[in-house]
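Trainee: Sequence:
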Amino acid sequence: MNHYKDNYCHISYLPDTNQIYLKWHLPPCESKLIQCYDKGFEMAIKNQAVSWVTDNSIGFQPDLSMQRALAQLAASRMKHTSLKRFARVTPMDVFQELLTHKILNQINDLTVNTVEYEVFHNPKDAQVWCAQLNLLSVN
Numbered sequence: 052m053n054h055y056k057d058n059y060c061h062i063s064y065l066p067d068t069n070q071i072y073l074k075w076h077l078p079p080c081e082s083k084l085i086q087c088y089d090k091g092f093e094m095a096i097k098n099q100a101v102s103w104v105t106d107n108s109i110g111f112q113p114d115l116s117m118q119r120a121l122a123q124l125a126a127s128r129m130k131h132t133s134l135k136r137f138a139r140v141t142p143m144d145v146f147q148e149l150l151t152h153k154i155l156n157q158i159n160d161l162t163v164n165t166v167e168y169e170v171f172h173n174p175k176d177a178q179v180w181c182a183q184l185n186l187l188s189v190n
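When you line the sequence shown up against the numbering used here, it's residues 52 to 190, in that order.
Hints listed in this document are in silico derivations from the structure and should not be mistaken for laboratory results. All residues carry an ideal CB built from backbone N, CA and C; glycine is no exception. Check each hint, because a few of them may be wrong.
[What the hints assert, rightly or not] Here are the computed distance ranges between Cβ atoms for each label pair:
hint: 1; residue 1: P78; residue 2: Q183; range: 16 to 24 Å
hint: 2; residue 1: P142; residue 2: H61; range: 13 to 21 Å
hint: 3; residue 1: L115; residue 2: P66; range: 18 to 26 Å
hint: 4; residue 1: K97; residue 2: P142; range: 17 to 25 Å
hint: 5; residue 1: H61; residue 2: Q183; range: 31 to 39 Å
hint: 6; residue 1: D67; residue 2: S116; range: 21 to 29 Å
hint: 7; residue 1: L115; residue 2: D89; range: 16 to 24 Å
hint: 8; residue 1: D67; residue 2: N173; range: 28 to 36 Å
hint: 9; residue 1: G110; residue 2: D57; range: 29 to 37 Å
hint: 10; residue 1: Q183; residue 2: L115; range: 14 to 22 Å
[What the hints assert, rightly or not] In the BS3-like style, the derived pairs of lysine-lysine whose C-alpha atoms are separated by at most 27 Å in a straight line are:
hint: 11; residue 1: K74; residue 2: K130
hint: 12; residue 1: K83; residue 2: K175
hint: 13; residue 1: K83; residue 2: K56
hint: 14; residue 1: K135; residue 2: K90
hint: 15; residue 1: K90; residue 2: K74
hint: 16; residue 1: K175; residue 2: K153
hint: 17; residue 1: K97; residue 2: K56
hint: 18; residue 1: K130; residue 2: K56
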């Protein structure tokens, strides 16, 4: 599976950059959030993806329960991946950036696999940053 799409998100595996790209179209409920991320993790594991971009340009804000559920899912699945970088695209909103750091810190607290992460406001910038990992590993 290299693509997944439903009303809430579209997930693609991009072989040229060995990257998972998840774009949100609608704010999900907790079960949809977990379902979509789980599909992304399946793709990352199957393809041994090294980076992941989540495009949340729509700016939905997961509540505390969703944050915990996502952190627990990511921590349990991360050890089976080859992920080294994670980028999240958000609207220009300080709260979105803080929320992203909070979730990623929760994931890092639950797992020994630490992943580099950054917050971006432009999807192309996020993809370029993640793709740089491929260039660094070649040298």
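Trainee: Which numbered hints turn out to be false for this structure?
Mentor: 1, 3, 4, 5, 6, 8, 9 and 10
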